[in-house]
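Student: Assemble the complex: chain S is given as a structure, and chain L must be docked to it using the hints.
Just so you know, the protein sequences line up as chains S and L, in that order.
Every letter in the first sequence is one number past the one before it in my numbering, and letter 88, counting from 1, is 106.
Every letter in the second sequence is one number past the one before it in my numbering, and letter 122, counting from 1, is 140.
One or more hints might be untrue.
The list treats identical chains as interchangeable, and a pair is accepted whether it falls inside one copy or across any two copies.
Unchecked claim - The calculated lysine to aspartate or glutamate pairs, modelled on DMTMM-like cross-linking and capped at a C-alpha distance of 20 Å, are:
hint : residue 1 : residue 2
1    : K280      : D46
2    : K208      : E194
3    : K196      : D78
4    : K297      : E192
5    : K41       : D314
6    : K41       : E51
7    : K452      : E246
8    : K297      : D266
9    : K280      : D49
10   : K262      : E295
11   : K283      : D49
12   : K81       : E106
13   : K252      : D212
14   : K196      : E263
Derived by calculation from the structure, the hints in this document are not laboratory data.
Remember, predicted model here, so these are calculated numbers, not experimental data.
Protein chains: 2
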Amino acid sequence: MSEHKVVRIGFVGLGTVGQGVWKHLEQDQGDLERRLGARIELVRAAVRDPGKKDRRVKIDASKLTTDALAVARDPSLDIVCELMGGIETPKQVALEVLRQGKVLITANKALLCEHGKELFEAARQHNGRIFFEGSVCGGIPIIKALSEGLVANRFPLIYGILNGTCNYILTRIEREGKTFDEILRDAQAKGYADSPPDLDIDGWDTAHKAVILTFLAHGVWVNLKDVEVEGIRKVTSDDIMLAKELGDFKIKLFAIIQRDLKTNKLSIRVHPTLVDERKVLARVDDVFNAVSVTGDVVGTTTYIGRGAGSDATASAVISDIVDAVIGLTGKDRNSKWNIKDYLPSNGTGPEVSLAGPDEIIGKYYFRFMVTDETGILAKIATAFANNGISLSQIRQQPRPQNTSSLIMTTHTTSERSVKNVLAELERTAALKVKPFYLRVADFDE
Amino acid sequence: MSEHKVVRIGFVGLGTVGQGVWKHLEQDQGDLERRLGARIELVRAAVRDPGKKDRRVKIDASKLTTDALAVARDPSLDIVCELMGGIETPKQVALEVLRQGKVLITANKALLCEHGKELFEAARQHNGRIFFEGSVCGGIPIIKALSEGLVANRFPLIYGILNGTCNYILTRIEREGKTFDEILRDAQAKGYADSPPDLDIDGWDTAHKAVILTFLAHGVWVNLKDVEVEGIRKVTSDDIMLAKELGDFKIKLFAIIQRDLKTNKLSIRVHPTLVDERKVLARVDDVFNAVSVTGDVVGTTTYIGRGAGSDATASAVISDIVDAVIGLTGKDRNSKWNIKDYLPSNGTGPEVSLAGPDEIIGKYYFRFMVTDETGILAKIATAFANNGISLSQIRQQPRPQNTSSLIMTTHTTSERSVKNVLAELERTAALKVKPFYLRVADFDE
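Here chain S stands alone, though its shape is the one from the complex:
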């Protein structure tokens, strides 16, 4: 098979995902060579500690370096996989790779969310390519589905569970009735949650992924500050129980990307959400991820799988590598390559703009912790009435020490009205504890 082309790959970062990729490429080298008509050569890797003993793969010491940029700049490489985590060094690495007109493969959602625009611009200028299947939902080929499989569609609605840690914690609160803090500590002890857990728990990791999906679906890089982000810290087992009582709802941390195809107003939100137990996404528990994609041609398609884990993400990175190899080793190498460019670019589609709080509408669930004094309900009800919000269900649940939790669900209203109610209640000083509220997923699909 000496006529086979050779594609040379370097790694920057060789943690669990990188080792998974290396291991599977090594194991399947013969098989891949037969299928691709090209040989994949694992050339070198930049790692923090070349002397580390407990890697899943045995790598010759001569292939290891601590110099990330040396790998990024290595002129002999065709593809560089950036799998190190963090933002600053990965950004330098990415720009180096792209400026040489090479293939960058990354699973780094924070990097893409923060610097995606600049990276794709560098790719365009220097004829480089970026592959990033591993950045969203681990092994679920959602990037490929959105950008290739569903290429005929515009997307009024994309929503889903993008963070396995949050889903695991919510599932366990629901099953065990324990407090958020108890479950979080146990999840950390078991390795299902990082320490500190903020990036996951506070919704930022989900938001990073939502920004990437927005780019794929709508061709714009939305600034993270324009994403409404709320994590799961305030969700209690009471909420989960009451949600069930109120109408067989479960609570999931959703990213929701909505675009009005007439006005092209776009909203991106991350928040705990009440979802009808009969919906498929309500059934997606533990560390699983799921994305529901509604296209104007195809209707709604749903994708479910493990959202993280070294092997799931390795599966995604390898699919990127294979796509790149196919692109790099066409019949005639002079064509350089023919890899699909992911760049829909700001200017090419109809311009989208961000929806304002009047344009984001839905149903809401409120929890008020109230003391047993007369007039509280009147004040709360008046605030809703003043802002034109009509209520659907009301339930009061006694709590220790003369307090109650008062639950209200609303009919359809706007984010603006909800914010106004909260502000009004704050002004009247009616409540000692800030109200907690959840959105209700109530989508026509």
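Tutor: Just chain L now, kept in the frame of chain S:
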């Protein structure tokens, strides 16, 4: 944009799917041209009746012909979409297109199931390409997921609901408690089932799709006669009710493709199956399709969406067209193209062989219609005992006219043992009505 390359497309068959494709390509022409850097030209179409008035798209009469082979042979075309249905003419069309080294796009699962091996061989010989995303599960990009997104994986298990008509009928029997015949007639009146309905109802359409998924996942074209196929005609509302009582099971028509990664024994089956109500696939109702794919690297991923309908399938066909256009219009046209070849080819992977009835194991549900005479249960129980099958649950339900339905579920056993029990009962003439049995989906994922 005069420098843009032009890709010329012809259609053979312009029914609802073809019209959907034509309509969306026309509507989005400008947008697609910007995104692809190439112009897609809808050149001509072969139709049964060029004078037909009620098409969703207005097409100039000069573009229409009744001669399918004239379109297939037209040297000016780059891509031919075969969307006519049937097998013989589509096969001729497909071979003509491929022998000219062109792109064939088809959604014709019967054609691929029947002649896939020959077509892919012709494609290989003449450097043609076959795209067929629309052939399985309508708009769900399952072909792309299996062959590209999950390329790093071997697949011990693929199963799912591949036929919307059957799922719709089973869902309605479950909800309404009516008979199979009543629901089928109503489904036909509503256009959800063909007349005659045999291809769907008897499992053959599901089997066609299973054969295609097997090719993608395992690189072999399995003969339809080697697929165990049972339809849904014998499923009664009693079965559905009893399945629920026995353990919160639903009944779904599944295709199940299993491969033992150690022995490379492969089995492909289509049959009504009991599935735990808590599983996601049990929640996939009405005309929706779903596929669960377990890969050795990625774990289990699941894909859900509308399995048919002109727009869903059009979405899939357009994604094929876009992939082909990208392949056909690389930087340097001299490369001809650089389209991924779907052909894993028989010889390249580890050889698979078909599993025998001893190697297919699982749990089973039996329904016996018995008359109220002593000794029947003893004969049935003896037959199970003689064949080493141990029983899990037993329930008898009185029925009109001195009959009962006797339900039994088994622990894990083999298809061989089950067939032996049935033969033994037939020999002893213990039963007046042939027993009905279902497999239980009990997969480790």
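Student: A separate judgement is required for each hint: does it hold in the structure or not?
Tutor: Structure-based check of all given hints:
no.	hint	verdict
1	K280 / D46	between (48 Å within a copy, 15 Å between copies)
2	K208 / E194	within (16 Å within a copy, 46 Å between copies)
3	K196 / D78	neither (48 Å within a copy, 68 Å between copies)
4	K297 / E192	both (17 Å within a copy, 18 Å between copies)
5	K41 / D314	between (40 Å within a copy, 13 Å between copies)
6	K41 / E51	within (15 Å within a copy, 41 Å between copies)
7	K452 / E246	within (19 Å within a copy, 61 Å between copies)
8	K297 / D266	both (10 Å within a copy, 17 Å between copies)
9	K280 / D49	between (49 Å within a copy, 16 Å between copies)
10	K262 / E295	both (8 Å within a copy, 18 Å between copies)
11	K283 / D49	between (47 Å within a copy, 19 Å between copies)
12	K81 / E106	neither (24 Å within a copy, 57 Å between copies)
13	K252 / D212	within (18 Å within a copy, 52 Å between copies)
14	K196 / E263	within (18 Å within a copy, 31 Å between copies)
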